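Peer 1: Using the sequences plus the hints, can you model the full thing?
Protein chains: 4
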Amino acid sequence: MSIFEQRESNLRGYCRIYPTVFTTAYNARQTDENGREYIDFFAGAGVLNFGHNNKKMTQAVIEYIQNNGVLHSLDMSTSAKRLFMEKFVEVVLSPRNMSHKMQFVGPTGTNAVEAAMKLARRVTQRQTIVAFHHAFHGMTLGSLAATANSYFRGAAGVPLNHVIHQPFGCESPCLGCQLGCGKAQLDRLRAQYHDSSSGLEKPAAFMVEVVQAEGGVNVADKEWLLALQQLAKELGALLIIDDIQAGMGRTGTFFSFDEYGIDPDIVCLAKGLGGLGTPLAMNLVKPEWDDHWSPGEHTGTFRGQNLSFVAGTEALRYFEDPGFLQDVQRKGARMIKHLTQLANDPKIQVRGKGMMIGIDLADGEQAKQVVAHCFNLGLLLGACGTGGRVIKLIPPLTIEDSDLDTGMAIVIEAIEKTKEGAK
Amino acid sequence: MSIFEQRESNLRGYCRIYPTVFTTAYNARQTDENGREYIDFFAGAGVLNFGHNNKKMTQAVIEYIQNNGVLHSLDMSTSAKRLFMEKFVEVVLSPRNMSHKMQFVGPTGTNAVEAAMKLARRVTQRQTIVAFHHAFHGMTLGSLAATANSYFRGAAGVPLNHVIHQPFGCESPCLGCQLGCGKAQLDRLRAQYHDSSSGLEKPAAFMVEVVQAEGGVNVADKEWLLALQQLAKELGALLIIDDIQAGMGRTGTFFSFDEYGIDPDIVCLAKGLGGLGTPLAMNLVKPEWDDHWSPGEHTGTFRGQNLSFVAGTEALRYFEDPGFLQDVQRKGARMIKHLTQLANDPKIQVRGKGMMIGIDLADGEQAKQVVAHCFNLGLLLGACGTGGRVIKLIPPLTIEDSDLDTGMAIVIEAIEKTKEGAK
Amino acid sequence: MSIFEQRESNLRGYCRIYPTVFTTAYNARQTDENGREYIDFFAGAGVLNFGHNNKKMTQAVIEYIQNNGVLHSLDMSTSAKRLFMEKFVEVVLSPRNMSHKMQFVGPTGTNAVEAAMKLARRVTQRQTIVAFHHAFHGMTLGSLAATANSYFRGAAGVPLNHVIHQPFGCESPCLGCQLGCGKAQLDRLRAQYHDSSSGLEKPAAFMVEVVQAEGGVNVADKEWLLALQQLAKELGALLIIDDIQAGMGRTGTFFSFDEYGIDPDIVCLAKGLGGLGTPLAMNLVKPEWDDHWSPGEHTGTFRGQNLSFVAGTEALRYFEDPGFLQDVQRKGARMIKHLTQLANDPKIQVRGKGMMIGIDLADGEQAKQVVAHCFNLGLLLGACGTGGRVIKLIPPLTIEDSDLDTGMAIVIEAIEKTKEGAK
Amino acid sequence: MSIFEQRESNLRGYCRIYPTVFTTAYNARQTDENGREYIDFFAGAGVLNFGHNNKKMTQAVIEYIQNNGVLHSLDMSTSAKRLFMEKFVEVVLSPRNMSHKMQFVGPTGTNAVEAAMKLARRVTQRQTIVAFHHAFHGMTLGSLAATANSYFRGAAGVPLNHVIHQPFGCESPCLGCQLGCGKAQLDRLRAQYHDSSSGLEKPAAFMVEVVQAEGGVNVADKEWLLALQQLAKELGALLIIDDIQAGMGRTGTFFSFDEYGIDPDIVCLAKGLGGLGTPLAMNLVKPEWDDHWSPGEHTGTFRGQNLSFVAGTEALRYFEDPGFLQDVQRKGARMIKHLTQLANDPKIQVRGKGMMIGIDLADGEQAKQVVAHCFNLGLLLGACGTGGRVIKLIPPLTIEDSDLDTGMAIVIEAIEKTKEGAK
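Going line by line, the protein sequences match chains A, B, C and D.
Its first residue numbered 1, the first sequence is counted upward by one per residue in my numbering.
Its first residue numbered 1, the second sequence is counted upward by one per residue in my numbering.
Its first residue numbered 1, the third sequence is counted upward by one per residue in my numbering.
Its first residue numbered 1, the fourth sequence is counted upward by one per residue in my numbering.
Wrong hints could be hidden among the right ones.
Put simply, identical chains are the same to the list, so a pair is met inside one copy or across any two.
[Said to hold, decoys possible] Dumping the calculated DSS-like pairs for lysine-lysine here, alpha-carbon to alpha-carbon at most 30 Å:
#: 1; residue 1: K347; residue 2: K202
#: 2; residue 1: K202; residue 2: K368
#: 3; residue 1: K183; residue 2: K222
#: 4; residue 1: K419; residue 2: K56
#: 5; residue 1: K55; residue 2: K286
#: 6; residue 1: K419; residue 2: K87
#: 7; residue 1: K183; residue 2: K347
#: 8; residue 1: K202; residue 2: K183
#: 9; residue 1: K286; residue 2: K417
#: 10; residue 1: K417; residue 2: K233
#: 11; residue 1: K337; residue 2: K233
#: 12; residue 1: K286; residue 2: K183
#: 13; residue 1: K337; residue 2: K87
#: 14; residue 1: K368; residue 2: K87
#: 15; residue 1: K222; residue 2: K55
Think of the hints as simulated: they come from the structure by calculation, not from any bench.
Computed from a predicted structure; not experimentally measured.
Peer 2: Set out below in structure tokens:
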């Protein structure tokens with residue numbers, strides 16, 4: 001029995017799906033201790049947008065360490081943090097005329113979400129956050145209340161209050177979905193909020209992922225998102241965009257919402273932000289709301305990770321070249337093109353944005369088999385959506401075309417094999 | 001106006017207390033961009049037990065990166081993780097006959113605490129966690145309910161339910177304390193739990209820090225802690241030790257509770273665990289409780305950080321040499337000896353364990369001045385306890401004696417200066 | 001200043017709307033201390049279905065008192081209670097083949113609702129109750145969570161959890177309503193409950209008024225109610241009918257749901273149940289759920305009021321004669337016929353069932369004026385619905401036709417006067 | 001099988017303890033359908049302070065009904081209500097210089113308690129109510145959170161939040177009690193509230209029974225109660241006295257707290273207030289707090305019961321004669337004197353105030369047998385306290401001495417018989 005079986009908690013998950021021991025990795029390839037290579041379409045659950053051991057980043061990080069750069073600093077000021085902040089303003093905020101403040105929180109997405117929820121409640125003096133069906137926002141008690149998946153919710157052990165879930169506004173309806181998505185539902189919701197006898201209390205915030213990643217790669221409709229923003233404004237509620245998985249270039253734009261014409265009050269970032277896979281999380285907060293924080297009211301030991309600042313600064317440089325995002329879009333289109341082979345199967349739906357593509361098999365058991373087949377064929381990927389019915393493809397944005405094509409071929413082979421087996 | 005003032009959230013805290021920009025650091029010294037050096041008695045809020053840029057760790061980490069070791073892997077198996085786990089079993093668990101499973105959670109202390117609370121509730125099918133006055137367990141909604149400080153609690157924006165706070169059992173009473181600490185209170189609590197008309201519901205767990213760090217460096221009495229463990233057993237409740245700040249050698253033993261004769265159901269670790277200041281958090285869970293987890297029920301993108309495994313393995317090696325902890329004890333005694341100079345002042349109380357020493361000034365304003373004086377004199381430290389009235393000394397365990405002495409001299413000078421100013 | 005102004009709480013309400021002091025009352029007439037008579041279209045908020053001081057009841061009650069009948073008995077057995085129970089079984093339960101148990105609770109509607117909510121949660125081991133927009137179920141913390149009106153909810157002072165509000169299924173849409181009522185919403189809700197990633201937890205019960213009284217005299221659509229019952233069954237949730245105001249003959253049938261073909265798990269009754277206006281409340285509970293109660297788990301000092309049993313038994317005798325309910329239906333139709341005079345005004349909507357008729361003016365200020373005009377013209381009635389925009393007509397079922405006609409003429413005059421004033 | 005067994009809910013309780021069917025009752029005697037008479041030391045759970053069918057009250061009530069007096073009026077003004085209010089001011093409030101407003105709520109004790117809790121939360125903008133071990137305040141969700149008994153709490157089905165329970169300050173310690181009662185605990189609690197890192201949130205109110213009736217006939221210590229009032233004032237919290245069972249003369253004074261020198265912010269009354277056993281509940285509220293109510297924010301269909309006003313006015317007349325309360329005290333002393341026969345048994349403790357006497361047997365099973373023996377011997381009484389270990393004697397205040405003596409003899413016989421059986 002391995003040490004993992006002997007001593008690691010029963011909670012462990014991915015080591016069961018990928019039953020091997022990994023040693024090294026580079027860009028979109030991961031190698032196990034037997035020397036077997038895998039193409040990585042999972043990218044650390046969306047963290048490794050710039051590939052494993054991105055050379056620019058590892059060099060910068062090694063140099064930083066060799067110079068005894070401050071590694072751990074909470075929210076003290078460091079020169080590495082200054083460079084990161086300046087680069088973020090230059091590359092991201094200024095071009096968008098975003099006056100948002102940068103708030104560094106404990107270096108996990110859930111911490112960013114918790115901080116955003118706290119601030120929205122503080123600002124509005126209200127308690128309810130509106131989240132959406134299929135939303136994923138984290139595992140700690142505040143964010144878990146906003147996470148929709150009953151498997152995770154069932155672990156809370158106490159009631160998950162002060163969040164309600166509403167239908168998400170997909171740009172195209174998912175296979176067989178009857179949840180009531182779309183603008184019509186927002187109009188009903190508006191009427192309910194304006195009726196003082198509806199029983200609903202006005203919300204502190206609407207919190208939404210523009211592309212629901214864990215929820216099944218559901219892409220928000222532009223008109224719906226604009227209507228949601230309008231409703232939030234009407235009600236005096238904040239609009240929080242959780243861009244933790246879909247941000248940092250994943251969808252072919254820096255923010256997932258860049259082409260939506262919205263102006264969120266708070267944006268939550270994490271995952272890809274630290275560049276190399278070391279933790280970092282940050283909220284962007286409009287100054288008028290940020291002023292509601294008092295110093296140190298929400299803390300976290302590991303906020304302000306300097307290795308992540310150093311690697312993250314390198315990550316931001318990618319966006320200085322407009323060609324980078326164009327290439328992401330090109331690769332995304334390439335992935336979609338591969339998947340046209342599946343177009344004849346009415347039980348399969350392909351959806352996504354940029355390089356976040358979902359293949360909805362409407363069957364969690366089949367999706368599980370596809371993942372297993374892929375692993376055996378040398379491809380790492382994961383399933384998402386209700387019951388794990390959607391295959392999620394999120395390779396590093398920096399993947400080589402050849403690896404992308406090989407990986408796509410494996411996906412399609414695995415799906416076909418699974419479908420045959422199911423007959 | 002600096003980028004920090006322009007763009008960093010109003011929430012920022014330590015950069016106000018230490019108004020400079022740090023660049024490099026080594027062991028117990030931190031240097032700012034003006035080349036000014038500071039002795040560090042703060043150690044990243046208890047993270048940097050082995051000093052800044054510990055040479056063994058930086059070498060191991062650089063080598064790991066240069067070899068393209070997998071950096072980010074969630075809970076996949078990696079060779080770096082295996083080494084860490086094996087070393088942890090060898091150095092920590094086996095010598096203590098601890099059969100606990102190792103559960104890696106999102107790499108922040110709060111995440112570990114949230115997971116522990118979930119599991120205790122799952123196992124017992126109860127909801128209430130008993131925490132203690134002055135407790136600090138984190139900032140996310142679940143752990144925040146257990147954190148006692150009203151400043152942090154006030155940011156929640158929703159009620160913090162399902163946790164009650166009881167008097168902590170200090171080994172010696174704090175200056176002027178009337179909270180009702182001690183074993184007598186446990187006896188009352190026992191009677192209340194055994195009376196079916198007390199209105200109290202039996203708890204899922206008692207969660208306690210053996211040395212309350214943020215709470216004011218309050219050291220638990222041994223008899224009290226044993227009685228607490230006994231009460232937990234009687235009630236079918238779990239005993240959770242939050243050793244996030246006091247563990248990893250800080251108190252002169254590996255676990256803070258090593259000399260207490262207790263056998264906790266869950267131990268939460270983070271801070272020093274990753275060695276170098278990169279994030280890592282882990283719960284140790286008795287196998288019979290760990291079995292209540294289903295795979296993946298509590299996740300976290302950044303769980304299983306390999307740089308932290310690599311540096312953390314180096315950290316564990318320190319404990320292979322019994323001389324290391326003896327040295328920690330020696331240095332702790334040396335600190336206490338310095339502080340005997342303050343013994344004549346009845347308004348000052350010194351307390352602590354190992355190299356976590358608190359100087360209780362019973363006055364938050366004075367403590368604030370002491371911190372400012374120290375910064376001006378070249379020493380970094382922080383205040384803790386109710387109203388920030390306690391100066392907390394937590395230098396790296398690896399600090400040079402000369403730095404330790406210099407730092408202690410500065411502390412005493414700053415206190416004297418402050419006391420004079422207060423006359 | 002009167003004693004009421006001097007010493008009665010600022011909370012007092014109806015004495016402001018009807019600024020006089022009442023002394024006597026008989027059937028549908030109430031007289032004040034100046035000898036002025038008022039026709040009563042309010043009937044004690046739906047309590048006095050059989051008129052004030054119903055002769056049969058007062059005689060029975062006086063005789064009972066004169067014989068020193070037990071007045072107060074909690075849930076001891078008394079002969080008066082036996083007679084009431086036997087009569088209820090004979091007249092109500094047996095003809096409908098209802099095997100429900102009779103549960104006597106504290107003698108207020110809210111107590112009945114709280115008991116029903118407790119039992120549904122006990123039976124299902126779930127927490128969420130689904131109530132509906134515009135619902136009114138009471139003022140204590142449990143029932144208040146189900147009451148939709150924000151004015152009442154705002155007095156709670158703590159969060160009202162574990163209840164969600166959904167659109168009600170009106171048989172015809174209310175003036176300008178955009179809340180999303182109807183069967184389509186139930187289908188969406190079904191899909192949400194069946195999707196394990198919707199974020200919704202399966203409910204313990206659906207609790208509904210077949211005619212929402214305080215909510216604005218909204219009559220449930222039959223198909224909707226059947227679909228709701230079907231959904232409850234599918235989900236393993238209970239169907240609770242709150243028939244507190246609409247039951248006891250008010251709608252032209254004994255239960256409001258008699259013609260709907262449904263089979264509720266729990267029916268809450270109060271208001272008219274005690275006949276004479278003395279308090280009584282009772283839940284009807286299917287035996288299979290009732291078994292989940294342990295003796296005395298939900299108590300109440302004033303449960304089992306014997307005067308209410310005595311008068312209530314007389315009330316039940318009314319239903320032995322099928323002519324009684326036919327007469328209620330006839331009078332209801334007569335009221336509607338009067339109101340056809342208002343049919344030309346597109347800003348007025350008349351709706352209702354039996355002798356519970358609402359006139360929706362879509363304007364709370366106008367409705368308030370109508371109530372004031374009516375009072376001045378010698379008619380007592382009240383407003384309901386969102387913002388008090390609906391005039392509610394609920395005269396005693398036993399009202400004389402002449403009083404009914406006079407009252408209706410006053411209503412119409414008051415509305416016309418108000419509408420003129422509003423021009 | 002009787003109709004009760006066939007059709008009454010399994011929840012029924014007292015009919016199991018007193019397995020007969022009662023028909024008539026007069027003063028302290030109750031007769032069953034077999035003509036068997038019982039002396040009543042239970043008095044409707046403390047409702048029938050003036051005996052069953054008190055002649056003055058029945059006459060007044062019959063006359064009122066014969067005159068077609070308004071029976072049901074919500075909070076409209078009626079002449080019966082005016083007389084009641086005037087008499088209450090004259091007999092109760094004015095002599096005590098109490099400026100409190102009279103707030104009529106739904107006619108159950110729980111409704112009064114819920115209203116008091118709402119108002120305290122409104123006034124203070126805080127959420128937590130401090131209640132006490134062994135407290136009983138009602139069965140609806142708000143008051144149930146304050147009720148201590150786990151049997152009742154277990155029926156809630158949802159968490160009971162926003163109330164904490166503290167040790168009650170008995171004037172003498174109960175048999176074997178180790179809950180930590182008394183002033184020392186209040187001092188600890190004060191320190192906890194004044195420590196901003198205790199984790200406790202300042203309370204909206206302290207709610208206390210001066211004599212805990214259901215809780216086991218525990219009499220508050222005067223010094224403790226004054227200290228509690230002082231603590232409430234210090235913290236800006238309200239002091240709510242729940243005098244529902246102990247008020248209206250039961251303890252030998254009108255209010256149970258008359259001799260305690262306290263000045264409560266809110267007093268809850270019900271039970272004996274309506275005189276004859278018909279429901280009535282009322283809160284007395286200091287005007288400065290009462291102003292925080294808006295009209296109609298807390299309603300209840302059966303508030304303002306006129307039969308209860310009529311009989312209650314007669315009840316108030318008893319207190320015009322100082323001899324009445326002297327007689328209550330005399331009878332209370334007489335009961336105690338009877339019980340000196342039990343003084344030699346160290347396993348029995350007698351305690352109480354006025355005519356509310358508890359005999360603590362420290363054994364619920366024995367107490368149950370005593371109750372059964374008494375019933376067989378022709379005496380009705382009940383058990384209270386944790387596990388039902390205390391025999392509670394609360395005969396009508398108007399009981400004849402001969403019945404009192406006979407009843408006491410039966411109690412003692414039953415206890416002796418039980419003790420013998422237990423050997």
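Peer 1: Hint by hint, which ones does this structure get wrong, listed from lowest number up?
Peer 2: Result: hints 4, 5, 6, 9, 10, 11, 13, 14 and 15 break, sorted rising.
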